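Peer 1: What follows is each chain in one-letter form.
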Amino acid sequence: MLKVSSVTKYYGNFLAVDNLSFEVKPGEIFGLLGVNGAGKTTTFRMIMGLLDLSEGSITLDGKNIDYSVTDQIGFLTEERSLLTKLTVKEQCLFYGTLKGMKESDILKKLDSLLKEFEISEYKERKIKELSKGNQQKIQFITAIINDPKLLILDEPFTGLDPINVEQFKNKIKELASKGSMIIFSSHRMEHVELFCKKLVVLVKGKAVLNGNLKEIKENYRKKDIMLKADITKEELEKTKGVVEVVEMADEFDVKIESQEMVQNVFEKVSKCKNVTKFVVEEPSLNDIFVAKVGEAYEK
Amino acid sequence: MRSKLDYLTGISLKRKIKTKWFLFANIALAIVMIALFNIDSIITYFGGDFNEKQKVYIVDNTNESFDLFDEQLKVTSEALYGEDNSSYEVEKIDKTEEEAKKLLNEDDESKNIVIIFNPSLNNVIEFDMISKEYMDLVDTQLLTAALNNTKIALALSKTTIDQKELNKIYSTAVINRTYLDEEKNSADENMDMIMSTVFPIIILPFFMLTIFLVQMIGAEVNDEKTTRSMEIIIANVPPKTHFFAKVIAGNLFVIIQGILLFSYAGIGLLISHLIGNSSITGGITSQMQGVVDTVLSSNFGNTLYLVLPLTLVLMLLTFLGYSLLAGILASMTTNIEDFQQMQAPIIVISLIGYYLSMMAGLFEGATFIKVLSFVPLISAILSPSLLVLGQIGIVEISISILLVVLFDYLLIKYGLKIYKVGILNYSSKDLWKKVFKAIKN
Chain A
1 MLKVSSVTKY
11 YGNFLAVDNL
21 SFEVKPGEIF
31 GLLGVNGAGK
41 TTTFRMIMGL
51 LDLSEGSITL
61 DGKNIDYSVT
71 DQIGFLTEER
81 SLLTKLTVKE
91 QCLFYGTLKG
101 MKESDILKKL
111 DSLLKEFEIS
121 EYKERKIKEL
131 SKGNQQKIQF
141 ITAIINDPKL
151 LILDEPFTGL
161 DPINVEQFKN
171 KIKELASKGS
181 MIIFSSHRME
191 HVELFCKKLV
201 VLVKGKAVLN
211 GNLKEIKENY
221 RKKDIMLKAD
231 ITKEELEKTK
241 GVVEVVEMAD
251 EFDVKIESQE
261 MVQNVFEKVS
271 KCKNVTKFVV
281 EEPSLNDIFV
291 AKVGEAYEK
Chain B
1 MRSKLDYLTG
11 ISLKRKIKTK
21 WFLFANIALA
31 IVMIALFNID
41 SIITYFGGDF
51 NEKQKVYIVD
61 NTNESFDLFD
71 EQLKVTSEAL
81 YGEDNSSYEV
91 EKIDKTEEEA
101 KKLLNEDDES
111 KNIVIIFNPS
121 LNNVIEFDMI
131 SKEYMDLVDT
141 QLLTAALNNT
151 KIALALSKTT
161 IDQKELNKIY
171 STAVINRTYL
181 DEEKNSADEN
191 MDMIMSTVFP
201 IIILPFFMLT
211 IFLVQMIGAE
221 VNDEKTTRSM
231 EIIIANVPPK
241 THFFAKVIAG
251 NLFVIIQGIL
261 LFSYAGIGLL
271 ISHLIGNSSI
281 TGGITSQMQG
291 VVDTVLSSNF
301 GNTLYLVLPL
311 TLVLMLLTFL
321 GYSLLAGILA
331 SMTTNIEDFQ
341 QMQAPIIVIS
351 LIGYYLSMMA
361 GLFEGATFIK
371 VLSFVPLISA
381 ILSPSLLVLG
391 QIGIVEISIS
401 ILLVVLFDYL
411 LIKYGLKIYK
421 VGILNYSSKD
431 LWKKVFKAIK
441 N
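Here the protein sequences line up with chains A and B, keeping their order.
Sequential numbering of the first sequence, starting at 1, is according to my numbering.
Sequential numbering of the second sequence, starting at 1, is according to my numbering.
Chain A on its own, in the form it takes in the complex:
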């Protein structure tokens, strides 16, 4: 299990990460979210042992993360961390050997992964000759070539088309099902929503949301009601508990303060003619993220 306990990081006087705590168990995919500069990469670098902590501790299976355990970790950085003058094979041999793997094992695993990602023909090609998407595939392969116990993925879908995103998603799920702990960062909330059961949202280094996604959604009081009826936007806005009404093509998206306010809206709509739709929906992670980040900045 990866355990991040009360971790704080200062760069001089600048507080980059503030008292952050979370746990990732084997088989879990954990989301680390935040806008640019929120402290995600700093957190990843601290987990990787690249940065010293100002306070707190990070352990993997009860041991501090040092060079005796980094062979069990896979790391995909946000930027392309590939030596573009090397061939795909040389690059994978390089990173694989640094992770303590034998050359024969690396080559065996590489052939299998290249086949899985349908890029076997690029094995002897230089990285710089590959497209952005294929370079990202190679970077992903180098991160998982050692079947890591802990896999850190910083924006893994950058530069990928929808088909390749699906390939990546399937592989990430497969690794989790085999027991890998995966920490995942993305600006695409739909990806996070799909994968992560647990997450942290960082704003200016501080966790503004932390926990189980289902519980976060349930605890998030604001709800959406999608409705179709003969009613005007103004009438809906006057209803008690309605925060915002978004008029769409042939329906309304009514955002309400809390679950308790559903009854008020229902009573108002039930008096109207032609009510064909009244659905109370959970807020999307994107809504929660935008709202929480916005709140934090307002404070």
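Check the hints yourself; a few may be wrong.
Stated by the list, open to error - One-sided excerpt, in silico: chain B residues whose CB lies under 10 Å from chain A: (1) L8; (2) I232; (3) L424.
Claimed, not checked - Quick list of in silico lysine-lysine cross-link-like pairs, DSSO-like style, CA-CA up to 30 Å: (4) B:K434 x A:K204; (5) B:K20 x A:K89; (6) A:K123 x A:K102; (7) A:K63 x B:K417; (8) B:K95 x A:K85; (9) B:K417 x A:K89.
Unchecked claim - Simulated restraints on C-beta separations: (10) A:F14 x B:N335: 17 to 25 Å; (11) B:N335 x A:S5: 34 to 42 Å; (12) B:G10 x A:S112: 21 to 29 Å; (13) A:S5 x B:I17: 44 to 52 Å; (14) A:E166 x B:Q341: 42 to 50 Å.
For the record, the hints were derived by calculation from the structure and aren't laboratory data.
It should be emphasised that the depicted structure is a prediction, and the values quoted were computed from it without experimental measurement.
Idealized CB from N, CA, C, for every residue including glycine.
Fit chain B to the known structure of chain A by using the hints.
Peer 2: Chain B only, in chain A's frame:
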């Protein structure tokens, strides 16, 4: 399984050596060096002939000066080119000035000249020198000296001095050297003169290799930094291992490149020796042989068994110093352009050492140069140079070695701290503040 240090060193070296550019550069270097050692054969092949002697046609209107001039030109020419190596063929012709000019014009060889000796009441003898083109400086000086001597000889012959006395006057001056310092001898003095010109040439590869070394380490570290692969590498190996891998690989590279450079020079000399049938080729090999003979016959030759290993040790330790410094500076920069600017002072330091080693012979005994010969980075070039010139001894070069060892130790001790912070730093903001903070920690 190989250690990660071995692996990183091997990879680093392989990335430098197993490239088509390394092969290309070395083929070019080999061709240039072999060609330089055989330049006369190449020139001769394309139409030059260094064996052909320059003809000097003499119209002697005094009817008494030709033999004197012939003798004087032989003496002055042999003083420069050695015995039996005169590059002139003197021929007396019985022609008028116009006929002589016509002869010169019809001559295929443009360097040939005509000198007309005319009697003179005021100057004993006067000369008209006619050539097709400009004459080179050496020819002008040699001929002028010979003509002056001819004039003096002619004037003396018209006095009452007998032939025996005249022969004594014409003979080469005998100079007996005395050294108040009993440890000095003429062989050492000759060697000083030879080595002050030869040594800067011998030391040139060291200067070249220093530049190769600094650039190699800087380029590699920056390549890994700019591609962010440094994060993956440092996540798996400690910065210390990475630093030493770069330093060891850099030093191995310059040693390999150095051996290759000397091999190319050796091949060039061997080819020159095998086909050495022209004067300049013979000249180079005989001059090399002359240098070796002079070194061996001097007192310095007796200390070579100490001087050579000490110089080699000093050079290797200095390479280590340069590579440590290059690694530290490279870790502080964020791209290769910044590194190129930062490496300029290192190259200037090396250049200062090189120029001082060339000037050491001119400023013999200068305290300033002696003090600088102890300064690490400069000492590898300057100390051996002063040692060869006899200006410092084994003790001084040993002190230089100790100072370089201390310098390298300090670079490792404090440089590693900077390196650890620098390699994962991508911002030039507050760079020096970060550097000093790293040193303090």
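Peer 1: None of the hints should be skipped; say for each whether it holds.
Peer 2: Okay, the hints, checked on the actual structure:
no. : hint                        : result
1   : L8                          : holds (8 Å)
2   : I232                        : holds (5 Å)
3   : L424                        : holds (6 Å)
4   : B:K434 x A:K204             : holds (23 Å)
5   : B:K20 x A:K89               : holds (19 Å)
6   : A:K123 x A:K102             : holds (18 Å)
7   : A:K63 x B:K417              : holds (25 Å)
8   : B:K95 x A:K85               : violated (76 Å)
9   : B:K417 x A:K89              : violated (33 Å)
10  : A:F14 x B:N335: 17 to 25 Å  : holds (24 Å)
11  : B:N335 x A:S5: 34 to 42 Å   : holds (37 Å)
12  : B:G10 x A:S112: 21 to 29 Å  : holds (26 Å)
13  : A:S5 x B:I17: 44 to 52 Å    : holds (47 Å)
14  : A:E166 x B:Q341: 42 to 50 Å : holds (47 Å)
Checked against the numbered hints above, the structure violates hints 8 and 9; every other hint is satisfied.
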